[in-house]
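Let the sequences and hints guide you as you build the complete structure.
For the record, the sequence lines run as chains R and V. Here my numbering is used: position 23 in the first sequence is 23, and no number is missing along the way. Here my numbering is used: position 397 in the second sequence is 397, and no number is missing along the way.
Since the hints were made in silico from the structure, they are not lab data. Even glycine gets a Cβ: it sits at the ideal position worked out from N, Cα and C. The reader is advised that the hints may include incorrect statements.
For lysine to aspartate or glutamate, the following EDC-like pairs were computed, each having C-alpha atoms within a straight-line distance of at most 20 angstroms [claimed, not checked]:
1. Lys286/V - Glu33/R
2. Lys183/V - Glu615/V
3. Lys455/V - Glu36/R
4. Lys654/V - Asp555/V
Part of the chain V face toward chain R, derived, beta carbon under 7 angstroms [claimed, not checked]:
5. Phe72
6. Leu259
7. Asn459
8. Ala463
9. Val469
10. Thr758
Beta-carbon label-pair distances, calculated as ranges [claimed, not checked]:
11. Val5/R - Ala208/V: 42 to 50 angstroms
12. Gln228/V - Val5/R: 34 to 42 angstroms
13. Lys447/V - Ile32/R: 44 to 52 angstroms
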Amino acid sequence: MSVFVTVAIRVLEAMFFIGGIGATLVLILTGIEDIETLLGADDSEHH
Amino acid sequence: MASSFQPESPTSKRVRIVVATSVMLTFISYWRAAAIVLNDLGSSAFYAAGIAEQAVGKSAPWFIVGVMLFSFTVRAVYVESCSMFVRGGVYRVVKEALGGTLAKISVSALMFDYILTGPISGVSAGQYIAGLINDVFITADTHGWIPQAVHSLFHGTPRFNVNGTAVAFGVAVTLYYWWQNTKGIQESSEKALRVMQITTVMVVMLLAWSALTLAKNGYQPVPLPTPQNLHFSPESLGFLRHSYADQDLARLFGFFGILIAFGHSVLAMSGEESLAQVNRELAHPKLKNLKRAAIIIAIYSFVFTGLTALLFVMIIPDSVRVPIYKDNLVAGLAMYMWGPQLLRLAFRAFVVVVGFLILSGAVNTAIIGSNGVLNRVSEDGVLTDWFRQPHPRFGTTYRIINLIVLLQLFTILASRGNVYVLGEAYAFGVIWSFTFNSLAMLVLRFKYKGERGWKVPPNFRIAGREIPVGLASVFLVLLSIAIVNLFTKSIATVAGVSFASVFFLIFTVSERVNRPKHALAEQQMKEHFQLLQSDTVERSGLGIRQGNVLVTVRDYNTMGHLKWVLERTETKEQDIVVMSARISQFGAAAYALSTEQIFSDYEQRLFTRAVSVAESFGKHVSLLVVPARDIWSVIVQTAMNLESSAVVTGVSSKMTPQEQAFELGRAWEAIEEPKRQFVLQIVHPDLKTVDTFHIGPHTPAMKTEDVHLVHRLWLNITREPGLGSLHHHDILTEALTRFARDYAGRDREDILKELHKTGKTVTTRRLGGNGGRGSEPPASKEKPVPKKGDGGPNSPPVVSP
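This is how it looks when you write it as structure tokens:
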């Protein structure tokens, strides 16, 4: 494998890994909001 | 040419046209919105897991589960975009953030997505049907139910060629919806809701029976999603297989293998874009309902697509799962449940019926969606007006529909019924339209200063500047998968890039060709028409009086009914409003329309003709363009807002005058109080026959003998002691009260029998009044209506309500 391909693969892996951690945070935080919305606690029609 | 039509602005030579910029929509609940999206999103449960397992091996279900969890975050991006732009589809968002060129590229990718949605859904449905038929034959054969003659004819158990049948079915369904869309049949949220209700019954049965099966039969473990458990097929490595064919790919790729596998599972979340399309139609409170719909969609698709993917591997034996059931895994799951074979076969038939409903619905959604997108870019001058020429009979954009369907048919035939090939290609459009959308949203976090109802969390502030960590993370994941897919999905890359490039080229060339023509058309429009933008339709905006006549026009070749009205109306006493409704379907509603787009080249031609007809009578007409979701709702709502006494229209090419009146009556029932009655007059092409209908409750027309009967009864009853002061209406009240009581009681059958006998069964459906529950007097019909000057009424021309 050429150096270029190796670097490109590592960059993509890093993007996916970092993005994945952030996306997990999004999932948790929106999940909490979703529960509030379902329970009717969210009244924020206009922020 | 139109100077006589400018009473309000004597200095201007231009015709004033009020262009309502808000689409008159029938708002829907979040349940219905979720059902519409799930009709698209849920359909992938029928094929996504099979495609993923063929590509990455037995641990594929974990990636499907991962993708479905990730879809929660993609959904969050769409919610944010919808909270900024009510019609926040990809084209709108990308154009706003990244400009026209990237918007054209993103729309090209989205078009690829839509074009592929139809074939993959149609072919997949065909696979389920063919698989069921073949299994029924096998079961029948094992029971000795197949006659020997049939057995000899097929040289064994009868068997359909599965891929061939899938192609035939896909072509048939696509052609069916081509015709439906050419005719312009409206998509109904009611139908989507019913399909999802049936699907829910199937999902609940599937999960419950699977739980029982697991308890009784045990389960096969699903290998964890580690690099060691990934077994890529040669096709699933795309361009990489040529470079690393002889090496241990799993060991070689390591974590990168996870990305490849994730990329092969991404089509499980296809259909999220539909969320942006239904947002416009959501009832108040919009954001809250959007969130609720999004939650329902995410949970439902996670359970349906994600959990069933795990169950496929846990329950269906390895020996048959991929070799036999790869393209119809839900049916395979039904066949390996615990219980008697005939019961399993019956459940499989139910699965096939549900699959047929949801997958064929997705074929229709694909045609509607791509028609909406191409209409939108066409209105922007990116496609020539030739594409938007309405069908001479149905008024639909049939050339765009033809183009889409031709591409879909080509795709179905080229795939030869291979769902895997279609799925591979499909993923290209899905991932790139998501990536463009999330990139655009990220850019808009810094660029867009307008109102934003909700933001994807978390967001941190560093040195007074907001860092959209959540949004950036979602974008990073999407971009990394999109890039990896470029290399590992060779079919998708070649087909997608070719398709998107051709579309991009068509868009770019068309835009260049169109530019001078559009400039000229715009110039002409500015010279002849003065567009007055208005959020809502109001009488004051048009400068007209109460009791006006609303004339609906659609085709500039059929203006007979306008002539009919002009002949009979004295415009000094009664105003005439000529209205054109710009209909947009679910797909199209996702895209914002500017005034110039609503009043396009076609409307310009339509109103030029209307004005010249009015001019030939020397009479003034007011002009109005209203964007709408549903033609009947918009006519009723406009008639209400303008306080019209009559609505006049031509005969539809698709329905009878009675059906037209019924639809209008139903729309009248659906709108909120206060509402007023009006008269609908449908003028036939001979301009002599006119069907008149009263919309809303009204005094029925009484026959002379009935009037005499009431009078005779009144005479007799007033002779009774103490009843001398009785009125005719008291007789009617008493008679009707007794009739209603008898009808509600045991005499109902007798009454109906009597009405049948006397030939007075109500054949015309009710056009207003009691909510459609009971029989109503038929709509009054008067034909022909005499012309002014030959003894007919002068003004108003219509029958008073």
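Hint by hint, here is what the structure shows:
1. Lys286/V - Glu33/R: holds, 16 angstroms
2. Lys183/V - Glu615/V: violated, 33 angstroms
3. Lys455/V - Glu36/R: holds, 16 angstroms
4. Lys654/V - Asp555/V: Holds, at roughly 14 angstroms.
5. Phe72: holds, 5 angstroms
6. Leu259: holds, 5 angstroms
7. Asn459: Cβ of asparagine 459/V sits 10 angstroms from chain R, so the hint is violated.
8. Ala463: Check failed: Cβ of alanine 463/V comes no nearer than 20 angstroms to chain R, outside 7 angstroms.
9. Val469: holds, 6 angstroms
10. Thr758: Result: violated, 56 angstroms to nearest chain R Cβ.
11. Val5/R - Ala208/V: 42 to 50 angstroms: Since the Cβ atoms of valine 5/R and alanine 208/V sit about 49 angstroms apart, the hinted range of 42 to 50 angstroms holds.
12. Gln228/V - Val5/R: 34 to 42 angstroms: violated, 22 angstroms
13. Lys447/V - Ile32/R: 44 to 52 angstroms: violated, 29 angstroms
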